[in-house]
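**Q** Residue numbers (our numbering), protein chains in the order written: chain W, 1 to 225; chain S, 1 to 305.
Do not take every clue at face value.
[Stated by the list, open to error] Here chain W is said to cover these stretches of chain S; the calculated rule only asks that three of the stretch's residues, wherever they fall, bring their Cβ under 8 Å from a Cβ of chain W:
hint, segment
1, 56-62
2, 198-205
3, 243-255
4, 266-272
Don't read these hints as lab results, they were simulated from the structure.
Since this is a predicted model, take the numbers as computed values, not measurements.
Cβ atoms here follow ideal geometry from the backbone N, Cα and C, with glycine treated the same way.
So the chains spell out like this:
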Amino acid sequence: MAETLKLLQFGDSVFPVGAFSFSNGLEMAVEHGVVHDRTTLQDYVRTVTRLAATGDGVAVLAGHRAARAGDLERIRQADQAVHLRKINEETRTMSVRMGRKLAEAATRIVGETLLKKRIDESANGVPVTYPVALGVVFADLGVDEQDAFAAHQYGAASTVLSAAIRLMPVDHLDAQSILFAVNERVADDYHEVRTASLDDMQTFGPHADVLAAAHQHVHVRMFMS
Amino acid sequence: MITLDSARELAPYQDQPAQLPAAANGKVGILRLGFERRGDRTILHDLYRQSPLLVQRALYWDEEMPQLPCVMILTTSGGILQGDRLHLDVTLAAGSQAHLTTQAATKIQEMDANYGTQVQRFTLGEDAYLEFLPEPTIPYRASRFVTDSRVRLPESATMLYGEVLQPGRKYYRDGELFAYDLFSCSLRAERPDGRQLFVEKFVVTPRQFGVARVGVMDRFHIFGNVVLLTSPERAARVFDRTSTPVWDEQTPLASAVSRLPNDAGLIFKVLGQETEPVRAAVRAFCVAAREEVTGRTFPPAFSWR
Numbered sequence: 001m002a003e004t005l006k007l008l009q010f011g012d013s014v015f016p017v018g019a020f021s022f023s024n025g026l027e028m029a030v031e032h033g034v035v036h037d038r039t040t041l042q043d044y045v046r047t048v049t050r051l052a053a054t055g056d057g058v059a060v061l062a063g064h065r066a067a068r069a070g071d072l073e074r075i076r077q078a079d080q081a082v083h084l085r086k087i088n089e090e091t092r093t094m095s096v097r098m099g100r101k102l103a104e105a106a107t108r109i110v111g112e113t114l115l116k117k118r119i120d121e122s123a124n125g126v127p128v129t130y131p132v133a134l135g136v137v138f139a140d141l142g143v144d145e146q147d148a149f150a151a152h153q154y155g156a157a158s159t160v161l162s163a164a165i166r167l168m169p170v171d172h173l174d175a176q177s178i179l180f181a182v183n184e185r186v187a188d189d190y191h192e193v194r195t196a197s198l199d200d201m202q203t204f205g206p207h208a209d210v211l212a213a214a215h216q217h218v219h220v221r222m223f224m225s
Numbered sequence: 001m002i003t004l005d006s007a008r009e010l011a012p013y014q015d016q017p018a019q020l021p022a023a024a025n026g027k028v029g030i031l032r033l034g035f036e037r038r039g040d041r042t043i044l045h046d047l048y049r050q051s052p053l054l055v056q057r058a059l060y061w062d063e064e065m066p067q068l069p070c071v072m073i074l075t076t077s078g079g080i081l082q083g084d085r086l087h088l089d090v091t092l093a094a095g096s097q098a099h100l101t102t103q104a105a106t107k108i109q110e111m112d113a114n115y116g117t118q119v120q121r122f123t124l125g126e127d128a129y130l131e132f133l134p135e136p137t138i139p140y141r142a143s144r145f146v147t148d149s150r151v152r153l154p155e156s157a158t159m160l161y162g163e164v165l166q167p168g169r170k171y172y173r174d175g176e177l178f179a180y181d182l183f184s185c186s187l188r189a190e191r192p193d194g195r196q197l198f199v200e201k202f203v204v205t206p207r208q209f210g211v212a213r214v215g216v217m218d219r220f221h222i223f224g225n226v227v228l229l230t231s232p233e234r235a236a237r238v239f240d241r242t243s244t245p246v247w248d249e250q251t252p253l254a255s256a257v258s259r260l261p262n263d264a265g266l267i268f269k270v271l272g273q274e275t276e277p278v279r280a281a282v283r284a285f286c287v288a289a290r291e292e293v294t295g296r297t298f299p300p301a302f303s304w305r
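Same shape as in the complex, but just chain W:
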């Protein structure tokens, strides 16, 4: 029960890492009418979670495994691998900002952890990134890697959905139904990426990439991505 409670707390969408200020590209997709109803929103959320699984999801597992081994160097390598692959500025900012916030929050709440050591040495080197930090935190808390992966996927979907409620005509029940449906894919995604290494991290979402790169040029926007 103790691990479940930790999973619920640190995987909660209100955990203060600032997820509420990002839309994972949805704001631009809504502006261009690409996402405009329940069906297109669900498709978009599923694309986001798929890209999250084959990209950052691999880094969650790498961070978790490195933390279990107590290997700070491997954690740093995972952070570097994530940072090198954030080719869009806004997603790079999001990953680094949420990573730092998670590391600071975990240090305050849990105390001395590997993440504390990692953030201390990151000052003039490789930044802490969110997916790796999440894996490390859950390993420290005794939550297993499947659940850490699940929390990451849940977070990717709920970030988009909480933005959707503010950006388009969908209500909380629509959002929860979509979340429920998309969560059905998490186990299969885990099964597929669990043997992937950091070098295997990949994403193919040119449409999302173009929307993300265009977003920074919009003058009036609610979200940082």
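We have chain W already, so just place chain S on it with the hints.
**A** For chain S alone, coordinates are given in the frame of chain W:
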């Protein structure tokens, strides 16, 4: 020699072709190109080639940059066949410049066993300038292809790397859209001291996860991807000229530029339904890049290309 055979995404395709075995004689294409400065111009001083890859000689056809060797890469087998293993190794000495392209579209032929791979290595010296702008890539039905490219360059050097990916033979018979098995592409850049700059890797497996969906390709078919690796000052000038995103519902066309991590440069992505608007957008970005980096523009495109 580096091989990609152990790539994770190739695990399902390790069977042997009924024809020549994979990586047999005649299936391993090698191209080694070395450029260096001689007086005002750059020459192709080192050339090693092994079929099915072929380069004949450098030509100086660029009227805006008459000192620029232009090299056309040919394939003697009409594209990439199952079991092909291609290697391209390009070195530019300090202060040299080169333009590389292909003679025709890279056609990744239909496959029923095994796969094709391509390893590309680019090494640039101080102040070197390389344009690598091959014709579009067309992955045919059931093709499997993995390409791995690495660029090593100092901050003073520039590489312009542009690719256009087609969905297949769009107008062949009933149309062939994303009917391939696997298209895997990775590009990484690093400094001469080994410091990593960025990595982009995508693996497209249309039967495992749909391509024609929101966030992936949506309603678009053609994907142009251009990477400009150069100094931060030059990148900033190119960014100023090209950063306004395009969202054109009519054509349709969508494009945007982003700054790469670690001050590596810029990445330009463009999506369209037809090849020509995408090529035009890629070309416009390349013109801005060449002008800001070299002070010269591109001559008009050949009317037959």
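**Q** Which hints, by number, does the structure contradict?
**A** The structure conflicts with hint 1 only, although it agrees with all the remaining ones.
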